[in-house]
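Chemist: Order-wise, the sequence lines are chains A and L. When you read off a place in the first sequence, starting at 1, and then add 19, the result is the number in this note's numbering. When you read off a place in the second sequence, starting at 1, and then add 19, the result is the number in this note's numbering.
Where hints are given, some of them may not hold.
Treat identical chains as interchangeable: a pair holds within one or across any two.
Here are the simulated EDC-like cross-link-like pairs (lysine to aspartate or glutamate), alpha carbons at most 20 Å apart as the crow flies [stated by the list, open to error]:
1. K75 with E213
2. K108 with D130
3. K341 with E285
4. K255 with D485
5. K68 with D79
6. K347 with E202
No lab work stands behind these hints: they were computed from the structure.
Listed below are the residues making up each chain.
Number of protein chains: 2
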Amino acid sequence: MSKSKVITSREEDYSQWYIDIVKKAGLADNSAVRGCMVIKPKGFALWEKIQGQLDKMFKDTGHVNAYFPLFIPKSFLSREAEHVEGFAKECAVVTHHRLMNAPDGSGVVVDPKAKLEEELIVRPTSETIIWHTYKDWINSYRDLPLLINQWANVVRWEMRTRLFLRTAEFLWQEGHTAHATKEEAIAEARQMQEVYATFAEEYMAMPVIRGAKTANERFAGAEDTLTIEALMQDGKALQAGTSHFLGQNFARAFDVKFLNENNKEELVWATSWGVSTRLIGGLIMTHSDDSGLVIPPKLAPTQVVIVPIPKPSPEIGEVADKVIAALKAKGVSVKFDLDLKKRPGFKFAQYEMEGVPVRIGIGKRDLEKGVVEVARRDTKEKTSIPVDGVAEHVVQLLEDIQNNLFQTALDFRAKHTTSVDNFDDFKAVLKQDTPGFVSAHWDGTAETELKIKELTKATIRCIPNDNEQEAGECVLTGKPSKERVLFAKAY
Amino acid sequence: MSKSKVITSREEDYSQWYIDIVKKAGLADNSAVRGCMVIKPKGFALWEKIQGQLDKMFKDTGHVNAYFPLFIPKSFLSREAEHVEGFAKECAVVTHHRLMNAPDGSGVVVDPKAKLEEELIVRPTSETIIWHTYKDWINSYRDLPLLINQWANVVRWEMRTRLFLRTAEFLWQEGHTAHATKEEAIAEARQMQEVYATFAEEYMAMPVIRGAKTANERFAGAEDTLTIEALMQDGKALQAGTSHFLGQNFARAFDVKFLNENNKEELVWATSWGVSTRLIGGLIMTHSDDSGLVIPPKLAPTQVVIVPIPKPSPEIGEVADKVIAALKAKGVSVKFDLDLKKRPGFKFAQYEMEGVPVRIGIGKRDLEKGVVEVARRDTKEKTSIPVDGVAEHVVQLLEDIQNNLFQTALDFRAKHTTSVDNFDDFKAVLKQDTPGFVSAHWDGTAETELKIKELTKATIRCIPNDNEQEAGECVLTGKPSKERVLFAKAY
């Protein structure tokens, strides 16, 4: 970053604010390939933190990683009727396997002789290739459950893309499990929803509603789609992760059967679940402000930065070394900025932009008083702390910041969740600048759901888990309803 | 694995032995997609160990990770003349972005209306898309060096594939660095060759020759290709990793210039370097035997397995728990096999097949004597060890195994490296069952190199670093030569 230009404020233009943060915090860029992004080092470092923690949580719940092919034979997609409707529409199709020099010397062209017998699809999701493989791996109940996860890139040819939130290629993990019983598969899908929710809340400091999708919003091929839904600062919802109970649909499509303990053949039960680099978009939009990115401490690649004021000196270096050693001993990641070419004020703005949770300024005058200045990124509060107590103070401060970010987001969501009982109120809430979640009765039909979407752009984000059963009347049709569901405009 | 069938011996059929190990140790399988493999959980766990250590070594040498698009616009490949010759030949070409229902209801077909304006190539390597991006990132000497690595999948449409060694899609890392000076770029390429060599020798226990490729064997677009070459048990060489000094070729092709300290514009200097899942093939063929896989302890996902004999009991459990706690405290990964459905003999064979470095058998009789049986996978030696000293013994044993595997491979290479001074001897060595490396004089011409390949199938694996300068005569043409080079048949 050569010159720090102030970013667009949220109030001025929320979309532009988001893009400004992604670009100016050095997280990602558009690429030469339509809809595909370049994840820059600072963005990828965030993804590595997310990956590392999720991978640990997957392994702690008994899963192992594997890797399946990038390509899916075209015919595989057609095997599951709903799946093909959902994913064949916009995908990258490989038709040839060779280029040749153009006869006119203008470059290279596709070699027409190298046409594939069957086209290959770049995976938009891997159920089909994986269940084709599972057929070879599963014979008996002894082979079950199979609890496998894959970290991979996938491609969906989206027409309107936005960095991290919706890109043609994105990085994700996809879990694909196989079970002997329906109950076990349902329990697995619920467990993974809870793993995602725990990760979102405890690490991303992003509160989420755990719920189920309506039939209309389900994954193509699923019998039940569980979701975690977060609320962004513009009052729009973000689907942050989904976990699907797939029933026996893919086992049936790929003929995957097992011999049960009574030596009888049965179809296998399945789940799949995934989160993606979209989480980075959610993290940005949950916590960041008009000064730039705000990263919750548990996911910050650099948790603390030390800035010498106005520039490095032996005295400052001595104190910094002590603080660094004490912080590292407590497992805190810390960077000491020794760049001589930039002034402290510039550095302060830069680290604010990049979202480093805690900044320690060490200056000559402060040192004479035996203190350093500790600034927290979330509230921007600054405190003078005695040199000896800095490490302990910072460890506590990181915890406070993590909790404060979560609590602030939780309060925001509470403030922007409205219960309504008639359609005028429903529309009025959704017309506000920050509409948020709207809790309302719905008659349970896809028809009403689509009509409401058409009229208000709001969709049913989920039917919350453990939803209170409460008799009422559909907000649109007045037909009877047994529980409220959560509506919102969404990303 | 339901029944353990003995694998083919190396003597009987080396290629089949290799495939048997890959499949029966559960490392990988062929897939429904031509030339693409499925990396199974046990194979992927090995890759995770390899990744983890390499990633640490890359970061320790100042590199950061990023992620660039899977797709490369076709025209990018043509920008660097040699590069396109090397990589346009066999690649996966995306021509369309949509499928549609077949008019005859037979499934899905490519939608002819969704033809891309410019075809996209699935990356066979990422120099072109990355240097296109670097143009935006590099303006001044202050932006240099850029030290970036990417973990990714790549696709090269190979005609003859073999699990791990050569597959159409494979996983790898590719480092792409940008520098202000030629000297710095050369130093970077050498540093990464040394990182690879250190990893191969200290972690994989696989001795390698560090050297440079001849012009003929260079990476397409490189000015110098450094390599590490290992020797497999069948006497064939394996190129295990390469590091390229790319000169200013890609900077020129993508117009990447920087302002130097004197405010003058210059082209940027480049390197790239990569290792892939091929390393797993090298690891297998360096150490494994006719009982199965042998994994060096430093890369073993499970370093120690404890087998109760004949089955679990409270007494055995008590001792096992103590041993497990002591081993874990020393950072050793350990598995306690409580499976009641399999007998000890079956388990022993299974863990031998899977290459677990150390097996501890705990039986009632041994416990009466206060000992357990410790077996090492490499030599299959078994020792009775007093319960109290097991953890310490095992830690030392793991180190011994690591060293023994390296030394055995080093001895093997020494035994199968032959210096020859005439072409009859040259041919005779290469006709042996286990030909190995042949050190011979060469006149320095591509013509002679190709002629020797045609006559013997041997290629120049490398000109070793710090090669002794020794006048001689080319083994084929008798023309003067100033140093020996290493020939071998190769994978």
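Chemist: Confirm or reject each hint.
Modeler: Tested hints:
no.: 1; hint: K75 with E213; in the structure: within (15 Å within a copy, 31 Å between copies)
no.: 2; hint: K108 with D130; in the structure: between (26 Å within a copy, 9 Å between copies)
no.: 3; hint: K341 with E285; in the structure: neither (64 Å within a copy, 42 Å between copies)
no.: 4; hint: K255 with D485; in the structure: neither (23 Å within a copy, 63 Å between copies)
no.: 5; hint: K68 with D79; in the structure: both (17 Å within a copy, 17 Å between copies)
no.: 6; hint: K347 with E202; in the structure: neither (46 Å within a copy, 35 Å between copies)
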